[in-house]
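Engineer: Chains A, B, C and D supply the protein sequences, listed in that same order. Under my numbering, think of the first position of the first sequence as 1, with each following residue one higher. Under my numbering, think of the first position of the second sequence as 1, with each following residue one higher. Under my numbering, think of the first position of the third sequence as 1, with each following residue one higher. Under my numbering, think of the first position of the fourth sequence as 1, with each following residue one higher.
To be clear, the hints were calculated from the coordinates, so they are not data collected in a lab. What you are looking at is a predicted structure, and each value in this text was computed from that prediction instead of being measured. Where hints are given, some of them may not hold.
Just so you know, same-sequence chains aren't split out, so a pair can sit in one copy or run between any two.
Computed list of lysine-lysine pairs in DSSO-like fashion (alpha-carbon distance at most 30 Å, straight line) [said to hold, decoys possible]:
#1 Lys408 to Lys204
#2 Lys204 to Lys184
#3 Lys109 to Lys204
#4 Lys184 to Lys202
#5 Lys440 to Lys408
#6 Lys106 to Lys204
#7 Lys322 to Lys202
#8 Lys204 to Lys322
#9 Lys109 to Lys184
Protein chains: 4
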Amino acid sequence: MELSPFELPGALHEECGVFGIYDPAGNCAQSTYYGLYALQHRGQEACGIAAINDREQSFHKDVGLVSEVFDRETLQRLGGTMAVGHVRYATTGAGERENAQPLTIKYVKGTLAVVHNGNLVGVEDLRREFEYRGAIFHTTSDSELIAYSIAQARIWSSSVEEAVQRATRDLRGAFSLIVMSPQKLIACRDPWGFRPLCMGRKGKAIMFASESCAIVAVGGTVERELDPGEIVVVHDGQARSIRTNCRGSGHMCIFEYIYFARPDSVICGQSVHEARVNAGRLLARQSKVAADVVIGVPDSGLDAARGYAQESGIPYSVGFVKNRYVGRTFITPDQSSREQAVRIKLSALRSEVEGKRVVMIDDSIVRGTTCRQIIGLLREAGALEVHMRVTAPPFIAPCYFGTDIPDKSRLISCRHTPEEICELAGADSLEFLSLENLRKLAPDATCGFCEGCFTEEYPVDVRE
Amino acid sequence: MELSPFELPGALHEECGVFGIYDPAGNCAQSTYYGLYALQHRGQEACGIAAINDREQSFHKDVGLVSEVFDRETLQRLGGTMAVGHVRYATTGAGERENAQPLTIKYVKGTLAVVHNGNLVGVEDLRREFEYRGAIFHTTSDSELIAYSIAQARIWSSSVEEAVQRATRDLRGAFSLIVMSPQKLIACRDPWGFRPLCMGRKGKAIMFASESCAIVAVGGTVERELDPGEIVVVHDGQARSIRTNCRGSGHMCIFEYIYFARPDSVICGQSVHEARVNAGRLLARQSKVAADVVIGVPDSGLDAARGYAQESGIPYSVGFVKNRYVGRTFITPDQSSREQAVRIKLSALRSEVEGKRVVMIDDSIVRGTTCRQIIGLLREAGALEVHMRVTAPPFIAPCYFGTDIPDKSRLISCRHTPEEICELAGADSLEFLSLENLRKLAPDATCGFCEGCFTEEYPVDVRE
Amino acid sequence: MELSPFELPGALHEECGVFGIYDPAGNCAQSTYYGLYALQHRGQEACGIAAINDREQSFHKDVGLVSEVFDRETLQRLGGTMAVGHVRYATTGAGERENAQPLTIKYVKGTLAVVHNGNLVGVEDLRREFEYRGAIFHTTSDSELIAYSIAQARIWSSSVEEAVQRATRDLRGAFSLIVMSPQKLIACRDPWGFRPLCMGRKGKAIMFASESCAIVAVGGTVERELDPGEIVVVHDGQARSIRTNCRGSGHMCIFEYIYFARPDSVICGQSVHEARVNAGRLLARQSKVAADVVIGVPDSGLDAARGYAQESGIPYSVGFVKNRYVGRTFITPDQSSREQAVRIKLSALRSEVEGKRVVMIDDSIVRGTTCRQIIGLLREAGALEVHMRVTAPPFIAPCYFGTDIPDKSRLISCRHTPEEICELAGADSLEFLSLENLRKLAPDATCGFCEGCFTEEYPVDVRE
Amino acid sequence: MELSPFELPGALHEECGVFGIYDPAGNCAQSTYYGLYALQHRGQEACGIAAINDREQSFHKDVGLVSEVFDRETLQRLGGTMAVGHVRYATTGAGERENAQPLTIKYVKGTLAVVHNGNLVGVEDLRREFEYRGAIFHTTSDSELIAYSIAQARIWSSSVEEAVQRATRDLRGAFSLIVMSPQKLIACRDPWGFRPLCMGRKGKAIMFASESCAIVAVGGTVERELDPGEIVVVHDGQARSIRTNCRGSGHMCIFEYIYFARPDSVICGQSVHEARVNAGRLLARQSKVAADVVIGVPDSGLDAARGYAQESGIPYSVGFVKNRYVGRTFITPDQSSREQAVRIKLSALRSEVEGKRVVMIDDSIVRGTTCRQIIGLLREAGALEVHMRVTAPPFIAPCYFGTDIPDKSRLISCRHTPEEICELAGADSLEFLSLENLRKLAPDATCGFCEGCFTEEYPVDVRE
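Just chain A, with the same shape it has in the complex:
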């Protein structure tokens, strides 16, 4: 709950979703529109689409939801036998419109459009190296740095794909990229495989997306996920794989399963929905509690609550109604009434919790303020006991790979024990998913995981 988009102040935010499509039948901008719409949960602040028609690139991007930024006329104008698109949680302040992607550039070999999900580490040296060669940057984003690397590499490379391969070989961090040249569509995943990226087909069309749900949404069939380090080049209707940057099975961000991804997506072979049900089951096994009902905090806690119910035998119920209409411009209550803010978007169902001992499943605790309010709603609605169960371990460290986890000073688990948090939150008991169980929630996954925010141990060196 605390991680939901359009959240009350201080929430976490995944930064991006990417989509790309090659379709000789055209209308690629429209397909990308629907693809981005399916990925809207990965970023609600800005979005954009670039398209190729007869090797000419055009684009449109702005601040807002996909449905706000694009109209029918714009999609028709963009057309496209290829297109790439992006949704993002933009940085605040001036220039946010400029940070919207796709990043479109002109360079020695023509034009490129780049969309990027992830975050690099240790780029200051690389950025300075480029700058000392005279590079100028319009933004501080890693995406522009990647584009620059590709443009540089293109000079001594025989093809765009070779440039992508060379440019990304030495980058450290998370990047699921789609690059569009006038003739080629190139998808690329970092060698650690932090962020998902999959590939699908629909007739002669070939498409890439952050999550499989986007491919299904446009009527396509998911073919496979890209391997960590893999590059797939689409040219003249043929897809070809370049695997020279591949190094191993990777380290998928485990928080994609717990919170970010849509439950109908499959990531590294693991259904996100099932991973959440598993998290609930594991929590139920981890500690017993005498209770009358199990409920989840919408949306990501719902699946876990069902898993908990199945494993524990305690009946599952719906404990909350969530207001779906919060938008970018929603006016949040001012400071004085912050404590009651949660009731504007969440309402407890009295008939389900009154006079009952309740197990409440949520996906995470960041600062602890939201869960105190939610538990307050249940008490008001007559719950006798509230036993909070969290489908993740305590956050103890920042993420360097694209999740906007606040610094340690604002992470309650850096300052308090679970027992203290339980008391602060007003719960009768509190249990986090153990690290041991965390590693069991995605048994079908064909990859390893990054658990850095829970362990402070990262797959790549994050020191600058």
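Given the coordinates of chain A, assemble chains B, C and D onto it according to the supplied hints.
Structural biologist: Relative to the frame of chain A, chains B, C and D by itself:
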């Protein structure tokens, strides 16, 4: 599903939600903002707020969601020791902005602001009578007719509330009204009680809302629902009831329970959430089926699915993921791809339905096209059988009281038997809730029901 | 200058321009767009167009310039074999959008659209009479009162035009109206003829406009001006005149010649341009001055400066450059720099005034602050002497007929003698046009004048 | 007339205006706002401002007029102890928002904001050289190329100003630049001096602007114009000149006098207003004609008409009224009515031309369509003869230095003799300003001129 807001072409739409508040502490516009936000599901096309400061009325209204139409500055400007607000599904074409409410008028006794949920019948005579006395109307809405009636009645009445009582005494049809004069806030429900209206308090503040969820959202306590025909006048901080138009226990629109209202609302003493669970239970008893899993079509089918599962013993599961980001300006697929349109907003969870016999609960069938597509999604995801269960009887007649049910020519149940619909929809079996069971789904309700759309028998004569 | 649109705070504003057209060839909304554009100088805050297609009325109106409010799609949608349009200087604050015209109403005989230029007096009794019969008003505008009168009168009248004739017979004040019913276009001028209204043709099309320049702009030929009190009805392509309300030659607002109207318009047979040249000539005769150059304050002072130069023999020159880009949303300098505000929109031409004795012609002095700044610009640019000449007498009284002249407390001529004003403004000499000469500036005019703002004597009793 | 902003299709457009200010008192964004507003005639499609506060750069830019793009809140947020701003006529199609300036970049030494008026030639080699070193460009604009050159040069330069000097040394073409680093404001003019750039002061503030009128508008005093090739660096409140790129007295675009610049500006010591008066005088001497009145086509023809009248003794008059309200979004008449399009923005004053032999002064003839329409207006208004005089020679070649003159195929003077053009335009006689007289119109100018569009001889080699 077919009735959801932001629905694919041809869906039903409830037309309005109303909210009003008296609070000597001020900031009534802001409270109304949060109240309307909680009622946003009752109308997404236009909204507005009128407020009183020192007996002076000001207002703001426009096309759009509550979060789009209002900003902090506007709310501060409106302020208010009293305010009324409205959300509506506006009529199409020119003038939609003009049709937004509150309706604000100047008349012999000063100003009035009126918000209205419902629809009148047999008003043509009344309208002509007024017109022959020289009245001019700016819109075709019933709301303006009601405002006119009140203004007329005020001339020979000793108070605004008396004018409201006299003006509404002879009106036929559905009206849940809130009227705001410079000094009084007056709530009024039609004698048949078609649409809900309740009253709450928070400290010295007194408020009215279409649904109880709005009172809870602003931190208030629900005091009671207005009786059919009741008028409540708030003046100088005191609430007084006028019951001269009360005639009986009323005929609440039963579709409020099945689809319109938010599950956390209580209407006529009946929890909407529980009514939906009951509908599922009743369907389970009504006919047996051998199946592996019960799922609901979001959102209103989910509660019913849990009831069905509890009663039948077949396990409950989540079968669909619904995209939450569709907005007013979303570009729907064009004619050629309409068949696949549903997949843009709904996605089947393969892991839950693959290889299974599925019972799927939905709230209604209007034209039958949407349910065919939804069943198609389940088949694609590997469902072996799909048994559709509908928490309402077949629609056979239009609604004259505020629900936008299409005319008979577009109601599939007017042209086809359930068996034919089952085949057209591609289901393995289809069962509608029987009329007998319909009457059992709200056992706690203290009122009678209007079931006109299912029986073509209406509580008031609908012939012009 | 002080009266210019987009003026610095406190300026005068004419309130409206009207246009109406019947054209069996259609596209009347587009013609009205161009007609209103030619009348934009009469009101820049809001505008609107209503059109009839197959007896159905549609409309569009909003806050903004004609070029901002309408796009091609809207004009095409409006179409129209008849249309009426309006530009206005809207009232401030909430509801300004609601005050935009055309006023569109539904009444016993169908629909009406009304556009109105002018202002009534003594309407409180009429308003109360209507209200006591039950009328409700949505605005405080006279226009709505007129519409109501017509709708009332229509009940016992045999035609719309008869209703217009009866309804306007007893109204006092200024009204140049165009009324559009589903089948008829009716233009009407008050019996005093305060505001202009003329009629033109283009092929089979018949049109009406506040000023002749609008008829010329759409390619039409000016046929004639309506007489005071005259009503012209266009039906089935034929124009018919009703003269029962005609009483005399009328009292045209003399300020139309001095400031409001466009110089290429002809009003009551008098070229506005020539009237301004005459005003300059009369000022030159009124008093002599030894000077090197005559300049005008743009725009209305330019013509007068040429007349002054011709009469006096002192060379004419261009003394100022005016910035043309000020728009509705222009940010005026804040209080501290108000004194220098005028230089943002006006710049003196050093080469024309340096070392010279300058005669500067302006159209009026309201508060005197602007002319002090303008004279300051000339001093900065090296003018040795500045002799101010004003093409109107001092303002000593408010206008009740549609010109937004401030109350007496803010009129400098109510508190100071011309000599004092001259000193306050920093001029070397100051001369107002005498009342005697005022009456000579429009020798071709076939009407009398209203000079109330200069004499406090009005053609109709303005006491309530 | 044919060159006026907001012109009918096919007109010429000057591309840019620049403004920059250092003011330790702050509020530089607001000063820039007023400065840009005074330069609005140099570009109406897009604008922007970048400001420095505590060495941090922020900016705002968008499509629209200055008054549309900025509001008070944005200006306050920008604040600034330094600021630069830009108005431009943006390129069409996608990305026009991206092409708005200031161009803001991040590079090895921090940030830069660049505003640019002009156009380079022979840049393809330079662009390729940069690209082969790996540069990427976001736009095709020369401005980005200049920024890149500065960023490159900064690596081996000891200061920003040295980098500007080195980077611009070898550039060919027109550039009046203002560059803002976190601590310095640097103005720079190309060695040919194609475009104007001047410097002013107001108290401790130092400012630069394309035209002197902008400095006057913000209350400053014009100090001097930059010499061709000169660089002025403002640092710590001191201005220092770098003259190593200076080569001679330069070649000012002569069309700045004829059309682009505001008449109250002084360029190279020559009053623009006087240059236009001179052009009229020269035309009068060039050929005699028997006529009754001399009129100018607004706006740039007005001054010339007065000069013509003074020289010829034929009386000057105002022949046209121009509609001032055309905006960016004005809907121009469609193809069928193009012929009459001009009457929407221009109206002839019958009283001044009827029955007269008219000399009409305009600034240029591009395609000849507009002047035919204007002459048609005079004929309709009763002019007996129309003798057209043009304050420039025939256009026979394109401009490579920032004026959007169409290619030869659309220049009427490339295909027709003056006699033919006279006949096509429907004039009784036609005379262009001779090349010889062209060179006399700016006698006070301290520079040479570029007359390339009239002679096809350019100060720099324009062949690629």
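Engineer: Please write out, lowest number first, the hints stated earlier that are contradicted by the structure.
Structural biologist: 1
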